[in-house]
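Number of protein chains: 6
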Amino acid sequence: MSKDFDLLTLGEILLRLSPPDNERIDRGDLFYKQVGGAELNVASGVSLLGLRTGIISKLPQNSLGRYVKNRVRFFGVSDDYLTYDAADDQRLGIYYYENGAYPRKPSVVYDRDYTSIHKINLNDYDASLFSSARIFHTTGIMLALGEHTRATTIEMIKRFKERGTLISFDVNFRGNLWTGEEARKTIEEILPFVDIFFCSEDTAKLTFKKNGALTDMMKEFSDEYNISVVASTQRIVHSPKIHDFGSVIYDAEKDYYYTEDPYKSIDVVDRIGSGDAYISGVLYGLLSTNMDCEKALQYGNATGSVKNTIPGDMPSSTLDEIERIIKEHQNTGIKLEMDR
Amino acid sequence: MSKDFDLLTLGEILLRLSPPDNERIDRGDLFYKQVGGAELNVASGVSLLGLRTGIISKLPQNSLGRYVKNRVRFFGVSDDYLTYDAADDQRLGIYYYENGAYPRKPSVVYDRDYTSIHKINLNDYDASLFSSARIFHTTGIMLALGEHTRATTIEMIKRFKERGTLISFDVNFRGNLWTGEEARKTIEEILPFVDIFFCSEDTAKLTFKKNGALTDMMKEFSDEYNISVVASTQRIVHSPKIHDFGSVIYDAEKDYYYTEDPYKSIDVVDRIGSGDAYISGVLYGLLSTNMDCEKALQYGNATGSVKNTIPGDMPSSTLDEIERIIKEHQNTGIKLEMDR
Amino acid sequence: MSKDFDLLTLGEILLRLSPPDNERIDRGDLFYKQVGGAELNVASGVSLLGLRTGIISKLPQNSLGRYVKNRVRFFGVSDDYLTYDAADDQRLGIYYYENGAYPRKPSVVYDRDYTSIHKINLNDYDASLFSSARIFHTTGIMLALGEHTRATTIEMIKRFKERGTLISFDVNFRGNLWTGEEARKTIEEILPFVDIFFCSEDTAKLTFKKNGALTDMMKEFSDEYNISVVASTQRIVHSPKIHDFGSVIYDAEKDYYYTEDPYKSIDVVDRIGSGDAYISGVLYGLLSTNMDCEKALQYGNATGSVKNTIPGDMPSSTLDEIERIIKEHQNTGIKLEMDR
Amino acid sequence: MSKDFDLLTLGEILLRLSPPDNERIDRGDLFYKQVGGAELNVASGVSLLGLRTGIISKLPQNSLGRYVKNRVRFFGVSDDYLTYDAADDQRLGIYYYENGAYPRKPSVVYDRDYTSIHKINLNDYDASLFSSARIFHTTGIMLALGEHTRATTIEMIKRFKERGTLISFDVNFRGNLWTGEEARKTIEEILPFVDIFFCSEDTAKLTFKKNGALTDMMKEFSDEYNISVVASTQRIVHSPKIHDFGSVIYDAEKDYYYTEDPYKSIDVVDRIGSGDAYISGVLYGLLSTNMDCEKALQYGNATGSVKNTIPGDMPSSTLDEIERIIKEHQNTGIKLEMDR
Amino acid sequence: MSKDFDLLTLGEILLRLSPPDNERIDRGDLFYKQVGGAELNVASGVSLLGLRTGIISKLPQNSLGRYVKNRVRFFGVSDDYLTYDAADDQRLGIYYYENGAYPRKPSVVYDRDYTSIHKINLNDYDASLFSSARIFHTTGIMLALGEHTRATTIEMIKRFKERGTLISFDVNFRGNLWTGEEARKTIEEILPFVDIFFCSEDTAKLTFKKNGALTDMMKEFSDEYNISVVASTQRIVHSPKIHDFGSVIYDAEKDYYYTEDPYKSIDVVDRIGSGDAYISGVLYGLLSTNMDCEKALQYGNATGSVKNTIPGDMPSSTLDEIERIIKEHQNTGIKLEMDR
Amino acid sequence: MSKDFDLLTLGEILLRLSPPDNERIDRGDLFYKQVGGAELNVASGVSLLGLRTGIISKLPQNSLGRYVKNRVRFFGVSDDYLTYDAADDQRLGIYYYENGAYPRKPSVVYDRDYTSIHKINLNDYDASLFSSARIFHTTGIMLALGEHTRATTIEMIKRFKERGTLISFDVNFRGNLWTGEEARKTIEEILPFVDIFFCSEDTAKLTFKKNGALTDMMKEFSDEYNISVVASTQRIVHSPKIHDFGSVIYDAEKDYYYTEDPYKSIDVVDRIGSGDAYISGVLYGLLSTNMDCEKALQYGNATGSVKNTIPGDMPSSTLDEIERIIKEHQNTGIKLEMDR
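Protein chains in written order, with the UniProt record's numbering: chain R, 1 to 340; chain H, 1 to 340; chain C, 1 to 340; chain Y, 1 to 340; chain S, 1 to 340; chain F, 1 to 340.
Because the hints were derived from the structure by calculation, they are not lab data.
Because the structure is a prediction, the values reported are computed rather than measured.
Be aware that one or more of the hints could be misleading.
The list makes no distinction among identical chains, and a pair is therefore deemed to hold if it is satisfied within one copy or across any two copies.
[Said to hold, decoys possible] Below, in silico cross-link-like pairs of lysine-lysine (BS3-like), each with a Cα-Cα straight-line distance of 25 Å or less:
| # | residue 1 | residue 2 |
| --- | --- | --- |
| 1 | Lys264 | Lys33 |
| 2 | Lys185 | Lys161 |
| 3 | Lys254 | Lys161 |
| 4 | Lys210 | Lys185 |
| 5 | Lys205 | Lys69 |
| 6 | Lys264 | Lys335 |
If we strip away everything but chain R, and leave its shape as in the complex, we get:
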């Protein structure tokens, strides 16, 4: 089996259960059944755009684990590095998601304690794993879940880095998993290994205690930890159903900031995973153009924006669709109403 991946990600995969339309979790007779997880979302997005990706994770060895494996494959991601937990207390994490409508916010209930990801084991993987990918990506969630996932994640980052893999990291701060202080300390420990860093303005300020303009804070991260690319999304939430979405990317080599007009008045169908889709667009852009941050920005903004219109966590856009959207976004002339 080939070990040659453009991107490998490490993360927990969750069952997502959500009531239809604007129904609520505490009523109704149906849940839509999907899979999600920040790191899977990124791997799937890059795969849809045409590169080869896989995910490193651990699943329960039962019909729910099989369901996840099947969906991983459906979304174009390799299941070669999935391992299975056959213990009696095996379990798949779950999150329940309910759409919002102003003045009601979207809401999430997590049920992800004691899950099989906590038994992920470095010994299950051959050393060759760490030389099989161009980029390795993970997020702060793996650091926050528990001590074992934290240690395993840090060790994987180091081993991938040693073999010359680019390390991509998304802070993805979740206040219900750890405190800002814990997050800051842990992430500062891994930042020296990071090449591509995703961090929002709020997180830079609140978690990393930085000040000043966003661009200055981005440069500061890059200078302090020798990070090649720092990217930060900018989202304006007009209502749960209408957002604007754009971003800024700092290219350390050129010492240059890229940005473009945001996508405005996006029709939000499902906001979950749009940040991950953004990362998938950026990583695709970097991988397919030899690190051209301007292209990465365009792919990231388009991929992140359009994800908001797709039900479920996962993006679903092919390269062809993304390029049509970018062209349309830049175009100021006549626009067709429909793709036929």
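Chain R is already provided as a structure; the job is to place chains H, C, Y, S and F on it using the hints.
Chains H, C, Y, S and F alone, transformed into the frame defined by chain R:
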């Protein structure tokens, strides 16, 4: 069984049948099956916020009546005062509801003639009923349905009043049930018993032939009939899918009008019952704060606004959710996008 | 508009609401929305087999009436003789149907009082109506609903008969609409006009107080009232999901009884309307063969049997399908598993 | 059978398959199953408004063809002129439709090659067909599908014209069926027969190489080919979910242009078929008023606008609804929120 | 609030997720969302038959806990003794259920470790609880879940017994929760407190190491532990869709065994909870007749049999339905096909 | 990318559209959307049992082709050898499937002319393909579709055979694609290359004009063409919902026939693809045991039988499930009712 209710309401409960999404009544293969009714909606809203409520009504003694009873309980309302009609011509009233989308308005078809509520019987209830609640609430619909329901409702208002119960009344004028003139005459007969009065600006003008500013008309009602609290909602319909919602409340004791910025650009999922939800918020506010009209206004506006985002007649918000929404509405600083 | 129909029927059309699969009326969130009615079912069945049919009925002039009209047309039946009730108390009758599963029986809740059919008016129809059809068919339900529908139905039977139309009548006794004694008296009044008579063995005994073998009772009816064709279905209910179905037809002219092996172990999906489908097969057989009762029996048994496998009241079989089923039923050799 | 139609249209009828809500064609487990086709949409719209219409088309003689026939009838259109293809390679054309949400456009996948419409045969129709309608309507699609449908369509136009039928024609240019140059040449061949012509501003410019103001181009068509009525819709697409819709109509006899304020901020549920609905409104207006173009414009704009709120290709508005919408659109005073 | 219950049960309530029809857990896009749990099922069944019941349990204080509370009320069971877990690691247990079809068995995946029931606390309940019910019922599951639930359950049994409550206990042996030996030891510790004992023949042999005829083993239990009533169901599984169901009950006072013909060829729609429904029928019979075991047997067999035809864990039969089924079961004469 | 497959199959992949439950193709609003195709079904079945498989096919390069690719991956089959057709007349074949219920048969409507499989091109595949699999499997359908697919298939068989691949072939005779005589001639041309041959008794007689006992005909094929394994399924159709299923396998090396008791009274949910599932079980058995025909028979019978209970074309059983079913089938002692 305890007879101690914070709120009892009297009203007809209907089966609501509606096609999914924007499908029409005259096409398609499915109806969503729900229950509704102005007075049940109010009782359910107050119960969700944490108080103890019940509904006085009569249902057919068949599987449809059982369905309604089960839903009443599901929505947190006591079924202790439901009675059942076992006659051959027993029937449950129905209304068919279709969503709108500009330029198509929402539409309703009623099928509520000859229903079991017309056989509601004072003799089925023990005298203790009338001393079992802090507030008794009903609406103009019960007065409009027919002579028997009118007489029974007026008699119940009087008996509850005699035992020191606060009487809450919502005009809820429906042109297809009676004329404005009939409504005015009948309601003026019961206004001397009313403590909390809900009446819209249009109804004050068109039905009660009042003039001038809304606040003046509200005070006039209060002065003329010695009403403690008069509340009036203000809704702006931008399209069937976008409304603004606010209200004014007049506190007779303080001779003071309360209002606040309306909720703007509400994402309307299902507009039915949002006026009833408003009443439930106001009554909750009055009951839980010893008649603080400012709190009542805030609860009313939040509960009414958020109901617009909930499918079906019934509200579904807990106190916790309403308080988060109020805080968010008053807050001018940073706002979180999602409840996690 | 053409007045040339092979069959016209007169009857009430109902909205049918049923929960999916084996769900119950008193639970769940969905109703399937269909139309039904003994006389519409017959007209639709004959139309599907290739003849031209219409239904005489009265509907409310609202979106529910329009829904019924659209479905009538969908099922191949002319809406030329539908009239509409624009009065305030217009209403469409409803019945709720729940599937059975042993030891739970199928169950029906009727809500058909005060419906628009009670305002059907002979004056709405041109005299030409009564010379526009080869067969006129109606059932005991129209006689049982009320005095006005009874009188109108009897008058229509007489007028059609006068113009040389064959009169077809199905007793369709419903104990919840009238007593056996009322039924007997009323039906005996119209039997002298009837040419084709459908009556079950139980009804012959319990309602008409006849005795002896089924065939003897059938002949008795024929002799007494000069009826050309008497047909009686024979159903064995092994469980709500497995029935046998067959029939006997008496041909007065030949003084001969036709029967054949029943269809055994039918997979019952929806039993409602299978008796009506049987009648449609018999009438088709008589109309298409110049009153060949043997053919009528074969068409009737096949059409009635296969209806049990179709969801909803209405049959859905084309002539081609019915002829394949008859051939298969008679065949004792090799049988194909699938129609490709 | 009566041959008296207000409108006959000629066109292909397609099966439309679309995933629910914002789901995508390349995912999910369900397709909604509907029928559509520009010419059927027009016939259905005119029928709903109260006139008698039919469609001339050819369908496969299998269960899919039967499904289409049933739906045609359901939508109020006569199936008298449907013919059936019993050949082995019979097939029904299909199109797959996916909703859009900004920045994702709606998209369509066609699968309409080799379909039974290509075998439509003039010899299957009696000469009386051509004198049975007040208006005959078809579109550029029939000219574009292939040489046989083109020749047949042109021949039908001529035969209808000869019998004094008004000819209505909608360019409906589809770049995936033919080139602009082919379209121009072919359509110029039939324009001398056309009485009512529907052509958008873009098509006038890009296909017919006209210049200048829309009104000037409309008049040019009228002058050059002696066309009585030229109509052109004007749509502004703010997002896939919000459009404005209006039109201009040129009345050659009066040499006058009619227009009115467009419908603004329409809540688009399903945009497909709204242009056809517009045509149905215009044709209804012309037919019901002895060619009053102002009325035609009002009916056209209202019918086209409201179609955007209806799922599926087909309009669903009765005359009553359209007239309420027109009145509301013209009204500047108080507006009711709901139709009860 | 009244403390007067006919029955209180103690047990864990689970979220049940199941794919529709015969779809599998590892495929598809939907789960039906229901609640279940042996002890809730029993309480609900007794309540449906007309007595007053409640459940003692602990739920997470989030929207899933609220969903369960709402369903508990919907099914007619009091939520007075539900307590809530507000801790960070609150969780609701889940089980996934998939229907069988020969040769595929039904299958269940449990995810019930670490749930909020493990924090149920005797101190949350007032002493009056233990004198508020005629019967207290629980099952072996509560003893098997863990040490804390075991100790709490045993203590509750003792306290209820002290106040003169009848103790009902169902072994409900689950090999995936504990070993037979653990079960035997623990249950023998509580049997001296038990008045009504439910135990299958297999469990009597395999877990309690008894021998001989079922009736002998039942008497042995009764003699050894002074148990008034011992009941044992007898199910024959012909296929996942066809079962027979009957039982034997031993009445210690009369030293008499009751049995009757089993219900044969039950159409199994959902087998889960039919054993619990049986218990609810038996307990209803005992409570409503002053411990008449023959009546209890008839109610138990009918209630258990018909539950197999109901989707979900919970029974749904009213007393009226159960009595019709019993009458039908005993009747050897004419049977009606349908309840109208 | 690895070229090491246990099994490669060659075949057309179709979109399958089917109405829910017992609804008909010519009614209703929904189609379930699935993929199917004899050769994909086999590849998927073998993959689910744990081996590595792929499919060689050609798909349209549009969203339908992407949907199929995603499902192929979901079902565990490699998409490495899928090629895409970007031509204007690209199309995916479709079949419509409707369930049966006695006396109504299941029925299929094909729409598979002019599809992209007809453009499959040997030149798109590297020579290494033909040495990448242990078994190559295809069916008579590829020979019947047209001359190009026939020639390509025969050439592929030869190239695989040359590289030492075992050739597996299923006659899968379809009377609507070719005549028996054409089939016989063509298949006799490839039989000399075949190692594993699947042929039903009917086909042996009707198509290949053989006589006598099934076992004799099987041996004759083996002798005449030097075939190692000949397998023949035996199905008894009691009704569309109840089948028996078994088979006979002839092992040429041992000159021995294997058979076992058939699976009786299978609850048929979806019969399509159960023959293909049988083949997947047989091939798995041969591949995993070094050609042990007895094991192959057991795996084949179990896999084929249980497929009948799975909705859609594709099997869904893991090795674990199949082995439990085999054990249960052989077991004559106690059987558990449920898998927990």
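Hint check:
1. Lys264 with Lys33: Cα proximity of Lys264 and Lys33: none, with 30 Å in one copy and 33 Å across.
2. Lys185 with Lys161: within (20 Å within a copy, 57 Å between copies)
3. Lys254 with Lys161: within (23 Å within a copy, 58 Å between copies)
4. Lys210 with Lys185: within (14 Å within a copy, 63 Å between copies)
5. Lys205 with Lys69: Cα proximity of Lys205 and Lys69: none, with 38 Å in one copy and 41 Å across.
6. Lys264 with Lys335: Both: 16 Å inside a copy, 19 Å across copies.
The structure does not agree with the numbered hints 1, 5 stated previously, though it agrees with the rest.
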